[in-house]
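Based on the provided sequences and hints, a complete structural model is requested.
Line by line, the protein sequences give chains E and V.
Take the first sequence: its position 49, counting from 1, is numbered 49 in the numbering used here, and each next residue is one higher.
Take the second sequence: its position 28, counting from 1, is numbered 28 in the numbering used here, and each next residue is one higher.
Quick caveat, the hints were computed from the structure, so don't treat them as lab data.
Even glycine gets a Cβ: it sits at the ideal position worked out from N, Cα and C.
Hints may be right or wrong, so weigh each one.
Stated by the list, open to error - To give a feel for the contact side, a few chain E residues facing chain V, derived at Cβ under 7 Å: (1) Met1; (2) Phe4; (3) Pro19; (4) Lys64; (5) Ser66; (6) Ser68; (7) Thr72.
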Amino acid sequence: MKLFDPTTTPRERSVVLAPRPRDLRGLRLGLVENTKFNSDVILNKLCERLVDRYGVTPGRMIRKRSPSHAVTEEAADELRRISDFIVSGVGD
Amino acid sequence: MSTSRDDYDAWELIEAYFERGWTDGLPVVPPTEKSIALMLAGAGLAGHETIGEIPERGVVVSAEKLAINAVMAGCRPDYLPVVVAAVRGLCHPHFAYHGPASSTGGSAMVSIVNGPIARRLGINSGNNAFGQGTRANATIGRAVRLTMMNVMNTRPGFLDRATLGNPGKYSFCFSENEAQHPWEPLHVERGHRPEQSTVTVYASNSLYQVYNQLAASPEPLLRCFADALCNLGTPNLRGFNQSLIVLAGEHSDLLRQSGWSKHDVRRFLVEHCRRTLADLKRAARRPGAVEPGDESAWKHIFERPEDILIVCAGGQAGSWSACLPGWGNKWTRSVTTLIATS
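Spelled out as structure tokens, the structure:
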């Protein structure tokens with residue numbers, strides 16, 4: 001008798017990480033807020049610290065529809081246009 | 001694909017599925033080539049066909065894997081079209097699977113079956129519709145969950161991060177009682193014909209029952225629902241709540257006799273599901289101290305009437321119905337999928 005494997009291995013995909021900036025000074029910061037409770041508060045605080053400590057230029061905060069949803073293509077395009085680096089992701 | 005060993009007996013085979021982490025904690029029916037082929041034939045599918053995808057998880061659900069999990073769950077082959085449609089619903093972008101499937105809230109994926117297939121397969125819509133004892137209900141819901149675990153990568157402690165979970169995560173499937181419905185059933189409300197069959201998938205927190213034996217008109221009965229729906233511990237109090245309400249016999253009879261429409265019921269609930277800002281602040285569901293004016297500042301928990309799904313099921317006797325609080329309309333939407341029937 002045989003065992004039949006009921007599982008599926010997720011497809012792997014390669015992701016190219018963006019090069020890390022050596023210096024944050026003057027770079028434009030984009031924020032992606034996922035609507036988790038207080039995530040906007042935490043991201044704004046983080047932005048303040050990055051401005052104070054590293055001299056970054058605060059940029060826009062993009063709000064996702066929900067944590068379940070990806071950033072829309074339009075929002076991603078805008079972030080690319082107006083940001084040099086992005087902070088995203090606040091969990092429970 | 002398969003592992004061969006000639007000397008498995010039935011007990012060892014069941015244990016082998018446990019050892020590999022392929023079960024939901026209960027014994028499974030070990031599949032065979034014959035049972036998998038029969039299962040696929042039950043839905044007229046070839047094994048290589050794609051049922052759906054969850055792109056953010058890199059997951060593709062094939063008919064073969066779905067059939068293996070359905071055999072393991074104990075399904076009959078003629079149940080497979082329902083399982084296929086339910087999984088297609090989970091993979092629909094509006095369902096936004098990754099959130100409700102992985103959240104700490106631990107949702108059960110409820111499958112509500114409408115149309116002739118529910119009666120043909122004997123899916124229970126009557127007494128104990130949420131309980132044990134009916135093969136179709138138990139095994140269709142279980143096949144969906146096993147597929148979620150084994151194919152859609154939704155394993156406890158990995159991409160299923162439920163804090164407590166709920167018992168509906170083993171299996172949760174029932175059909176609507178269309179014969180004694182005060183209004184049009186769910187699938188007709190959503191644009192399908194009565195003679196078509198559908199399954200609606202809905203991400204649900206633990207259900208709680210609502211009791212009222214004395215109400216003789218809709219308002220007092222629905223006040224009980226409204227009170228239950230906007231309790232201070234419910235997850236989405238910021239106006240984007242959603243809920244499934246299951247009306248059982250005596251309560252649906254009362255509403256039928258009242259002449260209220262389904263929309264009337266929804267409108268009443270949207271209006272009465274509210275808390276004062278002071279209530280919310282005292283319970284730390286909103287930040288800050290209670291301020292003048294907060295005692296009379298009302299916050300509604302539903303944005304729109306359509307965020308309240310209403311279906312009918314359950315026994316004719318008893319003054320019980322149920323609320324199944326959902327995941328919030330901005331996180332996930334229930335999805336109704338046509339079941340392919342021959």
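Going down the list of hints, with the structure as the test:
1. Checking Met1 (chain E) against chain V: minimum C-beta separation of about 5 Å stays under 7 Å; hint holds.
2. A cut of 7 Å between beta carbons decides the hint on Phe4 (chain E): the least distance to chain V is about 4 Å, and the hint holds.
3. Interface restraint check for Pro19 (chain E): the shortest CB-CB distance to chain V comes to about 24 Å, outside 7 Å, so the restraint is violated.
4. Proximity of Lys64 (chain E) to chain V is violated relative to the hint, the smallest CB-CB distance being about 10 Å (cut-off 7 Å).
5. At its closest, the beta carbon of Ser66 (chain E) sits 4 Å from a beta carbon of chain V; the interface hint therefore holds under the 7 Å criterion.
6. About 3 Å separates the beta-carbon of Ser68 (chain E) from the nearest beta-carbon of chain V, less than 7 Å, and the hint is met.
7. Hint on Thr72 (chain E) is violated. Least Cβ distance to chain V is approximately 12 Å, over the 7 Å limit.
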